[in-house]
Amino acid sequence: MIALYSADLTPTAPFRFDLALQYLRTSPSAVVEQVRDGAYLRAIRIESRTVGLRVSSGGTAEQPRLLVEVLGEEARAADLPVALALARRVFATDAAVDGLDAVAEADPVFGRLVHAYRGLRPIVIPDPFEAIAWAIIGQQINISFAAKMKRALVDRFGSTVELDGIILPVFPPPACVALLEHERDLLPIQFSRQKSRYCIALARAVSAGELDLGAVAALPDEEAIAALMVLPGIGRWTAEYALMRAFGRPDVMPAGDGGLKQIIGRDYGLGRLATEAEIRALGEKWAGWRGYAAFYWWFQLQEERRPVPPSRD
DNA sequence: ATCCAGGCTCCTG
DNA sequence: CAGGAGCATGGA
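In short: position in the first sequence from 1, add 3, done, that's the numbering used here.
In short, the hints are calculated from the structure, not lab data. It is possible that some hints are incorrect.
Okay, the calculated beta carbon distance ranges per label pair [as the list claims (entries may be wrong)]:
| hint | residue 1 | residue 2 | range |
| --- | --- | --- | --- |
| 1 | 104 | 196 | 46 to 54 Å |
| 2 | 102 | 182 | 27 to 35 Å |
| 3 | 121 | 182 | 41 to 49 Å |
| 4 | 21 | 154 | 21 to 29 Å |
| 5 | 77 | 254 | 33 to 41 Å |
| 6 | 77 | 186 | 32 to 40 Å |
| 7 | 66 | 187 | 27 to 35 Å |
| 8 | 254 | 39 | 28 to 36 Å |
| 9 | 290 | 154 | 32 to 40 Å |
| 10 | 88 | 211 | 24 to 32 Å |
| 11 | 195 | 80 | 43 to 51 Å |
| 12 | 239 | 163 | 31 to 39 Å |
| 13 | 270 | 40 | 31 to 39 Å |
| 14 | 66 | 28 | 39 to 47 Å |
Computed from a predicted structure; not experimentally measured. All C-beta atoms, glycine included, are put in the ideal place defined by N, C-alpha and C.
Turn these sequences into a full structure, and let the hints guide you.
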């Protein structure tokens, strides 16, 4: 019998859990997350145990409510507060998004997205090591291939936990990746020499205690970016992406991103790719919400490239 | 084959 | 300090 503990969570309105799930269903970045039966499902590690986190919706956009459950043989009642805190981070349930309206009015181009995706918040990958490793893997290659690499990494070196017949993959922890070698371990799963070096260096820094991701999480944006950029293979794009995806920083945007250059160049009628400088200049108008801007444009790109059939799993 | 894809490093001028 | 070449890898 699977232990199960649950509690309610009330996000700030407006909140669109359905859009969050749509993002997760269609994003290649969601490798260890699952969407099934209208719920978000992922394994989380608490102390040395692995349990399942399940989040589903009970409310509406204007009266949002989430159900958070902890499940698994190893689950304990004391895990519930941890799971709640995690769910709040993943879905940014505490964000006060009123400020978006003023930004939308100041910039109608971004405003169109703000309107279309009202209630959607950037989704967090709650394991910062996984999020940063994913950022490295995703550098300069198409993301569906990046997702394939991440899946291979999880299959080969991660683990799994079974919850009531559902098998959830678990991303390998830093201590595990720290022991890998390029030729023997990562070359066979299509990592380039440089990417495997970067991932292993990150894992070793974290597991050796040289890089304290918990401490990075507490730093102001620019300092956190600088702290990550010390590592080999982590440039500005990677650090900014990591801040968005690992820590849910609402105002951090990887302005050098290829996808953003493309779609912003198009949406602002430039007739060419926008430059990083142009994106940063435009971003002044989105101050406070630049991470939302990046996320919304990526979501739009995702929708354009792979339109989702009306939901039904 | 050639170009591209959610960059980074290192080297020029 | 800005700009660009070279780097790796698989997919279209």
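For each hint, the structure was consulted:
1. 104 / 196: 46 to 54 Å: Cβ of residue 104 to Cβ of residue 196: about 48 Å, so the range 46 to 54 Å holds.
2. 102 / 182: 27 to 35 Å: Given a distance of about 45 Å, which is not inside 27 to 35 Å, the answer is violated.
3. 121 / 182: 41 to 49 Å: 46 Å, holds
4. 21 / 154: 21 to 29 Å: 25 Å, holds
5. 77 / 254: 33 to 41 Å: 37 Å, holds
6. 77 / 186: 32 to 40 Å: 36 Å, holds
7. 66 / 187: 27 to 35 Å: 54 Å, violated
8. 254 / 39: 28 to 36 Å: Cβ of residue 254 to Cβ of residue 39: about 33 Å, so the range 28 to 36 Å holds.
9. 290 / 154: 32 to 40 Å: Roughly 37 Å apart at Cβ, these two residues keep to the hinted range, so it holds.
10. 88 / 211: 24 to 32 Å: 27 Å, holds
11. 195 / 80: 43 to 51 Å: 45 Å, holds
12. 239 / 163: 31 to 39 Å: 35 Å, holds
13. 270 / 40: 31 to 39 Å: 35 Å, holds
14. 66 / 28: 39 to 47 Å: 24 Å, violated
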